[in-house]
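Listed in order, the protein sequences are those of chains A, B and C. Going by this note's numbering, the first sequence opens with residue 117, and the numbers climb by one from there. Going by this note's numbering, the second sequence opens with residue 392, and the numbers climb by one from there. Going by this note's numbering, the third sequence opens with residue 23, and the numbers climb by one from there.
Treat the hints as calculated values from the structure; they're not laboratory data. Think of the CB as a built atom: it goes at the ideal place given N, C-alpha and C, for glycine as much as any other residue. Treat each hint with caution, since some may be false.
Covered, in the sense of this in silico footprint (three residues per stretch, anywhere, with C-beta under 8 Å from a C-beta of chain A), are these stretches of chain B [unchecked claim]:
1) 472-478
2) 545-553
Simulated restraints, written as ranges between beta carbons of each label pair [to be verified]:
3) A:SER242 <-> C:GLY152: 32 to 40 Å
4) A:ARG170 <-> C:PHE210: 39 to 47 Å
5) A:ALA262 <-> B:SER468: 35 to 43 Å
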Amino acid sequence: MSPDVLLEHAPLFARAAVVTVRIAALGILGALTVGLVCAAVEHFRVPVGRQAVRAYVELARNTPLVVQLFFLYFALPKVGVVWSGEACAIIGLTFLGGGYMAEALRSGLDAVDASQVDGALSLGMSRGAALRHVVLPQGVAVAVPALTANVIFLVKETSVVSVVALPDLMYVAKDIIGSSYDTREALTLLVVAYLVILLPVALGARALEGRWRRAGLGS
Amino acid sequence: MTTTTDAPVLELRDVRKTYPGGVTALDGVDLTVRRGEVVVIVGPSGCGKSTLLRTVNGLEPLTGGAIALDGSQITGSGTRWETVRQRVGMVFQSYELFNHLTVLGNLTLAPVRVAGTPRAKAERRGLELLARVGLADKAGSYPRELSGGQRQRVAIVRALAMQPEVLLLDEITASLDPEMVREVLDVVVELADNGMTMLVVTHEMGFARAVADRVVLMDRGRVVEEAEPEEFFTNPRSDRARAFLQTFTYTRSTRRAGPDVSAEPAAEG
Amino acid sequence: MPVSGLEVLLEGRNLVRLLEGLGTTVGIALASLAVALVCGVPLGLAMTRRGALVQVLTRGYVETMRIVPQLVLLFVVYFDLAREGIVSLSGTATSVLVLGLWGAAEMGDLVRGAVTSIPEHQVDSARALGLAPGQVQRLVVLPQTVRRLAPLTVNLTTRLVKTTSLVVLIGVVEVLKVAQQIIDANRFEHPEAAFWVYGLVLGLYFVVCYPVSVLARRLETRWESR
Ligand SMILES: Nc1ncnc2c1ncn2[C@@H]1O[C@H](COP(=O)(O)OP(=O)(O)O)[C@@H](O)[C@H]1O
Ligand SMILES: [Mg+2]
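The task is simple: from the sequences and hints, build the whole structure.
Structure follows, in structure tokens:
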């Protein structure tokens, strides 16, 4: 393995890493939003909405992202829904991750005793205030370990977005492997790039979990 | 037992509650609590004591009868329970402290968010209340760092922070280790001495006798005896009351021959 | 949705080929699961030991396998080790090897978690009843560990099936590849076939994974509410 070759290809990987991080960040944001709405619908047993959310969560969690992306990118245009590769990747991650985040947040909310709401109401708080100031903060705290695990999972899942023609890390690696003999250098850079992205995320997640635990939650 | 006046603060008329499952927890309860009065409710488990307190705080809708606070009816469709609950505080057996907030955070949440008290003022009042129950040094602690007795004292002052006219206490010592019961009951006695109007459910008969202006015995969703504490405990009128008080004295019912659980070691291995 | 192209699915052996492709996917997943169980259980047990060297080695392995995306692992083994002639592996063999070793890391962590979650006083009270150390393990610790582990292992199975979908990217002909081939062959006559074919693949994965997920949940709630 030659250092020169590593250096030569490094800028390509740096640029591709930006694509990977951007997609992952937007997808995770989308997933959290969808997950929160779905979790609330399930927690409050909204009629009809609840069944719809259940169906969505099961579909998202029981099919692989590659196939979801193929469907979004290659199948939906046949019925007139056309999106760019980047839009597909973000929507795909949002769809997939929304299901996982919904499960995490729902079990967090369900873990907060119903009698905590009584405690809040007895002080004169409205149902909305009880949700916002009492149930939600505690439910989210319970869900933190599952949420951070989902974040890491989703960043890793981002590695498949090259199937919708996005110039991400995998795409660049494949390109170099296919067009030169620098296979080992390309793979080394690929692993390093993912570690550079994922290690801080993993360490951050651990720190976050520790902080929530210290805040006197869980039990 | 100091400043009882004749003005009724709480009036319950023929209050009925049947749960959706079909259990009738309250079967026509009449009860009046006057300003400054401490009414203690006793009765066997499942007789409807908690349900009664919860209906007064709007946590359970009635299925019959009416409740009035300071002469105006609070049951019915138009009731703004958020407003009523600011005047009627409640403390639960399981504390229900908010675990994500510090002790002071628990005390200031409702005053700031509900009553609109400026935070600085709410915190000052919160610290005063904590000092009153000997917990000034715990303001920055989280509930999980406190003992059961300390948690329950925090729960009491959290309710007081809203300056309620009436306080409902539901078996507030039932989850506590025996040595912590006293520190909590002392707080309640001090409140009584200062003229707080209270409706108290308890299984601590000594405490009931010490703090009550009136004792109410419930059974199967009804009030079966209502009396001054001395009379209730020394000379109960009804058979039901006598039977109930009897359960608090432990007597060995039969004396059997030695235990017959001779351990024959199980053959294993 | 009046989209033409549905008939492509019924033409010739297309449907059968898709199912055969699904069979390949499930086969790879099950073979990987076998590797994961065989390697993961001892790994997990080793992780409960105190020795510093054991800890560093096992944790290092598990953390590394879990932080690198599975697709990257597949690429490394397939393009480097295999193609450089260090070992000569087909795409399918690479898939089983990589997914098996990844699964072993996940399984190891599950086993470690299950074993360490048995409260110490369970062991104490079993010993207080006079059970010998071997009996304590066999009669008290093992049954409880298995109960905790069963739903998690079933759940790992669905994850393995879903992760197997990645092997199309190292050239294994499985269900998604067959789908691509069918769509390609019909791209002039029935350009809309993609909608149905990929829709069906999505459905097939769901049909395989959903019942297994339900089973995992059943096991979990059954044994939780003892
Ligand atoms: N939420 C509820 N739903 C159905 N039944 C209830 C509920 N809460 C209490 N009950 C029933 O109502 C009766 C009175 O309960 P409760 O008021 O808690 O009694 P106490 O506090 O005197 O022990 C009991 O039979 C109990 O099982
Ligand atoms: Mg009760």
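ALA262 of chain A versus SER468 of chain B beta-carbon gap, inside 35 to 43 Å or not: holds (41 Å)
Quick one: see if chain A covers the stretch 472-478 of chain B, three-plus residues with Cβ-Cβ under 8 Å. Coverage by chain A holds for the stretch 472-478 of chain B (5 residues, Cβ < 8 Å).
Within 39 to 47 Å or not, the Cβ separation of ARG170 of chain A and PHE210 of chain C? Between ARG170 of chain A and PHE210 of chain C, where Cβ atoms are some 41 Å apart, the hint holds.
Tell me if the beta carbons of SER242 of chain A and GLY152 of chain C are separated by a distance inside 32 to 40 Å. violated (59 Å)
8 Å C-beta test of the stretch 545-553 of chain B against chain A, three or more residues: holds (count 3)
Consistency with the previously given hints fails for number 3 only.
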